[in-house]
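Position chains B, C, D, E, F, G and H with the ligands against the provided structure of chain A, taking the given hints into account.
There are 8 protein chains.
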Amino acid sequence: DFAKLDYHRALRVGYPEVIFTEGKDIEHLKHILLDMIKREITAIATRMSKDTYEKIKHISDKMIYNELARILVINPKENEKVGKVAVVTGGTADIPVAEEAAVTLETFGNNVVRVYDVGVAGIHRLFLNLDKIKNANCIVAVAGMEGALPSVIAGLVDVPVIAVPTSIGYGANFKGLSALLTMLNSCAAGISVVNIDNGFGAGYIASLINKGFSGNGVIK
Amino acid sequence: DFAKLDYHRALRVGYPEVIFTEGKDIEHLKHILLDMIKREITAIATRMSKDTYEKIKHISDKMIYNELARILVINPKENEKVGKVAVVTGGTADIPVAEEAAVTLETFGNNVVRVYDVGVAGIHRLFLNLDKIKNANCIVAVAGMEGALPSVIAGLVDVPVIAVPTSIGYGANFKGLSALLTMLNSCAAGISVVNIDNGFGAGYIASLINKGFSGNGVIK
Amino acid sequence: DFAKLDYHRALRVGYPEVIFTEGKDIEHLKHILLDMIKREITAIATRMSKDTYEKIKHISDKMIYNELARILVINPKENEKVGKVAVVTGGTADIPVAEEAAVTLETFGNNVVRVYDVGVAGIHRLFLNLDKIKNANCIVAVAGMEGALPSVIAGLVDVPVIAVPTSIGYGANFKGLSALLTMLNSCAAGISVVNIDNGFGAGYIASLINKGFSGNGVIK
Amino acid sequence: DFAKLDYHRALRVGYPEVIFTEGKDIEHLKHILLDMIKREITAIATRMSKDTYEKIKHISDKMIYNELARILVINPKENEKVGKVAVVTGGTADIPVAEEAAVTLETFGNNVVRVYDVGVAGIHRLFLNLDKIKNANCIVAVAGMEGALPSVIAGLVDVPVIAVPTSIGYGANFKGLSALLTMLNSCAAGISVVNIDNGFGAGYIASLINKGFSGNGVIK
Amino acid sequence: DFAKLDYHRALRVGYPEVIFTEGKDIEHLKHILLDMIKREITAIATRMSKDTYEKIKHISDKMIYNELARILVINPKENEKVGKVAVVTGGTADIPVAEEAAVTLETFGNNVVRVYDVGVAGIHRLFLNLDKIKNANCIVAVAGMEGALPSVIAGLVDVPVIAVPTSIGYGANFKGLSALLTMLNSCAAGISVVNIDNGFGAGYIASLINKGFSGNGVIK
Amino acid sequence: DFAKLDYHRALRVGYPEVIFTEGKDIEHLKHILLDMIKREITAIATRMSKDTYEKIKHISDKMIYNELARILVINPKENEKVGKVAVVTGGTADIPVAEEAAVTLETFGNNVVRVYDVGVAGIHRLFLNLDKIKNANCIVAVAGMEGALPSVIAGLVDVPVIAVPTSIGYGANFKGLSALLTMLNSCAAGISVVNIDNGFGAGYIASLINKGFSGNGVIK
Amino acid sequence: DFAKLDYHRALRVGYPEVIFTEGKDIEHLKHILLDMIKREITAIATRMSKDTYEKIKHISDKMIYNELARILVINPKENEKVGKVAVVTGGTADIPVAEEAAVTLETFGNNVVRVYDVGVAGIHRLFLNLDKIKNANCIVAVAGMEGALPSVIAGLVDVPVIAVPTSIGYGANFKGLSALLTMLNSCAAGISVVNIDNGFGAGYIASLINKGFSGNGVIK
Amino acid sequence: DFAKLDYHRALRVGYPEVIFTEGKDIEHLKHILLDMIKREITAIATRMSKDTYEKIKHISDKMIYNELARILVINPKENEKVGKVAVVTGGTADIPVAEEAAVTLETFGNNVVRVYDVGVAGIHRLFLNLDKIKNANCIVAVAGMEGALPSVIAGLVDVPVIAVPTSIGYGANFKGLSALLTMLNSCAAGISVVNIDNGFGAGYIASLINKGFSGNGVIK
Ligand SMILES: Nc1ncnc2c1ncn2[C@@H]1O[C@H](COP(=O)(O)O)[C@@H](O)[C@H]1O
Ligand SMILES: Nc1ncnc2c1ncn2[C@@H]1O[C@H](COP(=O)(O)O)[C@@H](O)[C@H]1O
Ligand SMILES: Nc1ncnc2c1ncn2[C@@H]1O[C@H](COP(=O)(O)O)[C@@H](O)[C@H]1O
Ligand SMILES: Nc1ncnc2c1ncn2[C@@H]1O[C@H](COP(=O)(O)O)[C@@H](O)[C@H]1O
Ligand SMILES: [Mg+2]
Ligand SMILES: [Mg+2]
Ligand SMILES: [Mg+2]
Ligand SMILES: [Mg+2]
Ligand SMILES: [Mg+2]
Ligand SMILES: [Mg+2]
Ligand SMILES: [Mg+2]
Ligand SMILES: [Mg+2]
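The listed protein sequences correspond, in order, to chains A, B, C, D, E, F, G and H.
Numbering-wise (the numbering used here), the first sequence opens with residue 1 and increments by one.
Numbering-wise (the numbering used here), the second sequence opens with residue 221 and increments by one.
Numbering-wise (the numbering used here), the third sequence opens with residue 441 and increments by one.
Numbering-wise (the numbering used here), the fourth sequence opens with residue 661 and increments by one.
Numbering-wise (the numbering used here), the fifth sequence opens with residue 881 and increments by one.
Numbering-wise (the numbering used here), the sixth sequence opens with residue 1101 and increments by one.
Numbering-wise (the numbering used here), the seventh sequence opens with residue 1321 and increments by one.
Numbering-wise (the numbering used here), the eighth sequence opens with residue 1541 and increments by one.
Chain A extracted, bound-state conformation (with noise of 0.2 angstroms):
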């Protein structure tokens, strides 16, 4: 009785509760996780580390876990997918970050191109992939360090980038806020910010958008 899931959200927002794993203990995650087993709602599980996994991984064998992504998907079902979104990083040590937003945007339905490592200290790696990303209803940019990386893009191309700071980086980084500060402060119009490291805030607000512009949103 201590959880109260939210099942109108899918018929009011048009997707399922999204449970954050985070500072839960494993006796309320567990019983929240079989609650929506139980009730077929196919859902995700955010920031779930390796070790929490290995915890409830018995709990039912319909839960699908991705240990780059930290991500476990609950009565995984296949979808069609539509649309397409780039998910862009400026090195590989945001891959990781990457991987949440893209696996949150395929298990929604979403079509997804991944072009990693193309970051501002060697923007050659940029123009020779710009085909893939200019061809995007949507672009998610993640960037660790000073973060340039979705300031460059948005100058290039005419659909909305959803920019995502990641901890990477050390000193001066302190922990993504350098990365963030300049996002948010970019010089190109088109960005908008979501928190640092948080790539299913950014693959979910993509989603919204790519399937809007593929005419799989409300349109009004």
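None of these hints come from the bench; they were simulated from the model.
It is possible that some hints are incorrect.
[Unchecked claim] Derived DSS-like pairs (lysine-lysine); straight-line CA-CA distance at most 27 angstroms:
(1) G/Lys-1397 - G/Lys-1370
(2) D/Lys-835 - F/Lys-1232
(3) A/Lys-175 - H/Lys-1674
(4) C/Lys-521 - C/Lys-478
(5) H/Lys-1672 - E/Lys-1055
(6) E/Lys-942 - C/Lys-615
[Said to hold, decoys possible] Between beta-carbon pairs, the in silico distance windows are:
(7) A/Glu-78 - H/Lys-1602: 33 to 39 angstroms
(8) B/Lys-277 - A/Glu-22: 22 to 28 angstroms
(9) E/Asp-915 - G/Lys-1382: 53 to 59 angstroms
(10) E/Leu-948 - B/Asp-351: 51 to 57 angstroms
(11) H/Asp-1575 - A/Glu-78: 34 to 40 angstroms
(12) E/Leu-948 - G/Ile-1346: 52 to 58 angstroms
[Unchecked claim] Partial chain F-side listing against chain G, Cβ under 8 angstroms, derived:
(13) Thr-1121
(14) Ile-1159
(15) Ser-1160
(16) Met-1163
(17) Ile-1164
(18) Pro-1196
(19) Pro-1260
(20) Asn-1285
(21) Gly-1290
(22) Ile-1291
(23) Asn-1295
(24) Tyr-1304
(25) Ile-1305
(26) Ile-1309
(27) Phe-1313
Glycine included, every Cβ here is placed at the ideal spot set by N, Cα and C.
Then chains B, C, D, E, F, G and H with the ligands, alone, in the frame of chain A:
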């Protein structure tokens, strides 16, 4: 020659360059405005104070100044408006930032519905206006102080919410930091955030989204 | 002799001293606990980890440990409970802090009603539970991430709201700073705030308020 | 139509809406004030500078302005005062914030006792005035610089202490941050905190508490 | 006697002392300037506002003031210029800081090429000017807002890049903090950073580097 | 009655109360000053701007104002000076803060030697003046920007160094934070620190130390 | 050869160099300790964890380790103690930092009186111990959480107070920042501050002061 | 395919790409290293912990690991060294960061002179070693705690100083922030700064400078 205007931008990203007024020398500013006027480009200059406007208004009659929104439109032209974006505020003091978003949206050819002063301290006001808000392809949610409005809205709608923190408040508000952090940490999904007081940035990306939803973006 | 326990406190402020466990040497801690047990003072020690409890539990059987709340009650005794305080959380991960408040309240003789997981991302859950909340002399509102719950509640009730930010979240949450600033800047009146994760502090002041309202405080 | 006044608030939470003056357009402000005056609602507008008052004072004679407290009372009416709240300051420079609390309390029908300039640098001054302070249902403790006053008071009394940090000080005071952190981290129990310089917020919650203690709240 | 001018500096470090104007009493400033003029030392005073200049300009005619760069040159003399340093900016509002660097460089005997307004939001502008930039012994890269320009440049050239964050921007820019952190965290190698708005400091170290490269430093 | 002057202080701590001028209402200030003048207490008021002085100077002729130090001495009287304190600055812009310390010291009966403009950028200037500095019972070291002077001094002397960070500087100086952190983190022993720009506080504690060393303190 | 021990320091500043243990390689550390032991210098190493001590304890028997204070004394020798310094704490969790100060003081030849757990939440405990405190040439006041103890003490005594903030606390304590800011902003005069948890630094400067007061410093 | 190695970099900027080890998946890392080894590129991987090295060391024998510097050199080859760079530290705990710079410099073909443990607390140690330092084309100055060393050095030499703040220290050091701000605010000219603990970045730019000075850069 000091300024390198980006005349290909309209071709490349679908909109002309936008002039950031603050910090520019008046002579530089006049030079840039006249050059654009001469080339018959429809564009906007943002964050223009009344004071600055008074100093440049004599250079041409092809400019319209909106004092509340602090925006100057150059070579204004009639446009047909598509889709719908809701611009919502928590309080009445957030209206100038909201108008910056709304004027940007209208100049770029989007229908706008304004729903002001429906903040979380009197949550029933939001519910009374929910139909107007839900009936939009994208929502720009503007709030200062604790900035909780976008979280509540995003839990009620199925379209992207662009959150704009304002610097309204005092003390531990730290000039908008409080609202900014609130919005970045929202437990509701479907939100992304722009810089403090950045009505223009929110309007710009909302325009990209609304046009895409309305079939006026580059559908792939 | 290193510790100067404040035995007059119960006379002076109506409650015995509370022991802050963190950072104390185990031998010092045992010494303080035994001294209080010997004097038959009913008191609590807060922020006691499971680990620390394991190290001290053998010293006496006049102690009850609550793991979720991380509270040790010394010389527990039955008490009659008065009035009513509602302890409310935004998510399920906020429950340990809420339990610290609730156990403090119950030990000090207050009736408590728990309403957990009714955060602003699914605001209807709050409305469904509003009767329980309104029907209280004081509300302890516990929330992490953006911490918007107290603002919404304070706009709906006519009793004091004690807001407790938690460190639940990540990235630009900065270990609870986000929720703390939200609560300090609330645009709703009737809220005051305690330290991040300070369930004990919230429970203590809520007890003072509830007892005063119930005619069990020192009425003047 | 831009402002959605919350006329049910008095019914719902027991007090009328309070107007936050800062950042509002003068025309908007006049509009809101006149509307409330016409409806014969007794209310207050806070953080109104002398300057702003000069610009609006001609619109009606049903307004009383308190310059030190920066509060405007609309449709002032005589009220019977109940209970007692002590408003205490550390220094003389904290008096304006204290008066904001005191005027709020008096307008809402509470007896107030003022005890100013009794900060911890000369702690005997507090002891000389302790009777006045103890003899209250709630204490509003206002302090700048290091803000230690509420901690000392809370160790001496058995009623709730509402702590108000002020921005008085300089250098590493960081505009009140120093006093704010002090109060949030108080090792004395029974304290909760409002925003820097938020005399109104402290007065409001103290009023809720005092009325509850005095049997004028909604006793359950 | 209050000021201890460092007349050996020119011998010791190769350049005369530089006067920091801000915060100095006008009488102190005049005293220092006249002393240097009398000794026929060629030197500069930095961060001198137009206002201050108006107050001291009558003391001698051996001074040239550059308003945009806010620099006063004392005992200006013709010098032969060596090598080449490129001074590059992201936007037009960064020009005053860039000019502080450029004027410092020219006064100290370096050739300067200015390439302004080539920021990352329109990256093709940088590529169009790359020849001018590459053709230099050292690059001073000046940028505000997100400050990404130095990262992109450093990935394209084989000479040292001195990065100068400016305070241009607003909101989460925090007066240049955003650009400063970006530059310190650059994932491109070959960059080092000076203080926010410190055009002088960048010009000074760029001069040391350019002269060394040009065989005019102390080669070992 | 609003101000509770601490007339026992001179007896208790050896010095009269010191008036902090900033933020005080002019009428309150006059009242306090006149009260002290009437009681023939020799005292000082600190941080008094020229402006404020102009508004109060007519109330009595028993006051001397020092504009550079921003100190007002009330009932000034001749005193014999003991021992010696060196007040040292890094630059000439730090002189006002240094004078606040020096005037405090002299008013309280200490000999002062001033050694200004000997900062670490030209370290030989410090060595040239070392005899004057070493020949003191206590050193007040005042520095802005990076604030490294106290560290260097403390490595050269065998007496206590009181370090005063100033707000001189710009950009990442953050109004004195830079110098403050430097001084708190000094790798040299024998340093303690007062608030940014707090010349008064440094002078006060240096006076306590010098008098103790000189046999004029309360020797035990 | 990597370490340049400062053997003249004892001559120059009156005390031998002090070794900062943290971050040093074990082999480097052994090398430095052995060198000092061989030269028969009495010295201390600070911030040595139990772990590190276990790794080096075999190298010599001329070392005494104090675990609570985390100090290693090398070539300990009997000394006559002069004067008196009071070391005072707010809580029992502050004792380790206080012991670092006390052991430093004793090793350097000062009498120490310890007065622990007399924080402002139970201010009468301070008054009961005031005689011991007043009867000292210098007071080291150690406190965590809100750190208000030094302010209260400095208002009661006529000797210098060296304030030491500790990192005891949680949440908005920010690892001691709260107590640090409190102490820097004290409205009581006669306080100066050292780094968070820097018991050694406080002990060192208190030793300089106490010896000067006791006629054992270099009297001028 | 996830990693886009920048093989043209050596041609474009004169050095091969540098691998940032932290945060990379072990399989990704092995893949990247093997690819570079196969192509016979001499390169380095930075910030590689002993742990990580143990996991990858079996993949090839064409790698040399330096534990203190945490650098892995791939396809190491003999090179002729030119010019001279001095790497200087304040303390012995700064040596690991200094070694990161020194090893980077040596791998890239520069002569290095190491001068360690000459911090400002014993400034004579710096003077004793000044000849070695002055006799260099560029100085890398590494310091933690207050980080004052670069300021002192820059006042004594006529070559560029690259300042590296380290995270050595505790409390108000805030993991290197203190030293970083010190260096950015240096009152000495000729300094530029890299990220906290970024020995690699300092070594890289120092190499560019030294080679240019030595006639091995691209002289124009
Ligand atoms: N990775 C994530 N980052 C931010 N918010 C999330 C994340 N995963 C889930 N959430 C949100 O957290 C809320 C669930 O919290 P809880 O009730 O504690 O499970 C939902 O509103 C989700 O939208
Ligand atoms: N969880 C807590 N948060 C804040 N303060 C506390 C907490 N628990 C106990 N305290 C306070 O800490 C003080 C006891 O500290 P100590 O003497 O170190 O045990 C008492 O004044 C308590 O009111
Ligand atoms: N410049 C100053 N900096 C810090 N504290 C001060 C200063 N001047 C006076 N004070 C302190 O402020 C208190 C007086 O405050 P008030 O009662 O508001 O005048 C006294 O305790 C003084 O020691
Ligand atoms: N220690 C370091 N500090 C800062 N940047 C580095 C460091 N080591 C490598 N880099 C940069 O990080 C980038 C490589 O990132 P990645 O592609 O993720 O390996 C290159 O541009 C390097 O210049
Ligand atoms: Mg890469
Ligand atoms: Mg409103
Ligand atoms: Mg939930
Ligand atoms: Mg006073
Ligand atoms: Mg431009
Ligand atoms: Mg000077
Ligand atoms: Mg205690
Ligand atoms: Mg050393």
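Hints, one by one, checked against the model:
Restraint check: the Cα-Cα separation between G/Lys-1397 and G/Lys-1370 comes to about 22 angstroms, which is no more than 27 angstroms; the hinted pair holds. Distance hint between D/Lys-835 and F/Lys-1232 is unfulfilled; the C-alpha atoms sit about 38 angstroms from each other, more than 27 angstroms. Between A/Lys-175 and H/Lys-1674 the alpha-carbon distance is near 37 angstroms, which puts this suggested pair outside the 27 angstroms criterion. Straight-line distance between C-alpha atoms of C/Lys-521 and C/Lys-478 comes to about 26 angstroms, which keeps the hinted pair within the 27 angstroms bound.
Of the pairs offered as hints, the one joining H/Lys-1672 and E/Lys-1055 is violated, with about 40 angstroms between alpha carbons and a cut-off of 27 angstroms exceeded. Between the alpha carbons of E/Lys-942 and C/Lys-615 the distance comes to roughly 58 angstroms, so the proposed pair goes past 27 angstroms and is violated. Between A/Glu-78 and H/Lys-1602 the CB atoms are about 47 angstroms apart, so this pair departs from the stated range of 33 to 39 angstroms. Here the CB-CB span from B/Lys-277 to A/Glu-22 is close to 55 angstroms, at odds with the stated 22 to 28 angstroms.
The given range of 53 to 59 angstroms is respected by E/Asp-915 and G/Lys-1382, whose C-beta atoms sit roughly 58 angstroms from each other. For E/Leu-948 paired with B/Asp-351, a C-beta distance near 54 angstroms keeps the hint of 51 to 57 angstroms intact. One distance hint, 34 to 40 angstroms for the beta-carbon pair H/Asp-1575 and A/Glu-78, holds here, with the actual separation near 36 angstroms. A C-beta distance of roughly 57 angstroms is found between E/Leu-948 and G/Ile-1346, which places it inside the suggested range of 52 to 58 angstroms.
The interface hint given for F/Thr-1121 is broken, as the beta carbon of that residue sits about 13 angstroms from the closest beta carbon of chain G, more than 8 angstroms. A least Cβ separation of about 25 angstroms between F/Ile-1159 and chain G goes past the 8 angstroms threshold, and the interface hint is therefore violated. A distance limit of 8 angstroms between C-beta atoms decides the matter here; for F/Ser-1160 the minimum to chain G is near 24 angstroms, and the interface restraint is violated. At about 20 angstroms, the closest approach between the beta carbon of F/Met-1163 and any beta carbon in chain G exceeds 8 angstroms, and the interface hint on this residue is violated.
About 20 angstroms separates the beta-carbon of F/Ile-1164 from the nearest beta-carbon of chain G, more than 8 angstroms, and the hint is not met. A least Cβ separation of about 19 angstroms between F/Pro-1196 and chain G goes past the 8 angstroms threshold, and the interface hint is therefore violated. Nearest Cβ of chain G to the Cβ of F/Pro-1260: about 5 angstroms, under the 8 angstroms cut. The hint holds. The criterion of a C-beta within 8 angstroms of any C-beta in chain G is met by F/Asn-1285, whose closest approach is roughly 6 angstroms, and the hint holds.
Evaluation of the F/Gly-1290 hint against chain G yields a held restraint, the C-beta minimum of about 5 angstroms falling below 8 angstroms. Given the 8 angstroms rule on beta carbons, the hint for F/Ile-1291 holds: about 7 angstroms separates it from the nearest Cβ of chain G. Among the interface hints, the one on F/Asn-1295 holds; its C-beta lies about 5 angstroms from the nearest C-beta in chain G, closer than the 8 angstroms criterion. Because the closest C-beta pair between F/Tyr-1304 and chain G is about 4 angstroms apart, less than 8 angstroms, the hint holds.
Taking 8 angstroms as the C-beta cut-off, the interface hint given for F/Ile-1305 holds, the closest approach to chain G being about 5 angstroms. The criterion of a C-beta within 8 angstroms of any C-beta in chain G is met by F/Ile-1309, whose closest approach is roughly 6 angstroms, and the hint holds. Because the closest C-beta pair between F/Phe-1313 and chain G is about 4 angstroms apart, less than 8 angstroms, the hint holds.
Violation of the numbered hints given earlier is confined to hints 2, 3, 5, 6, 7, 8, 13, 14, 15, 16, 17 and 18; the remaining hints are satisfied by the structure.
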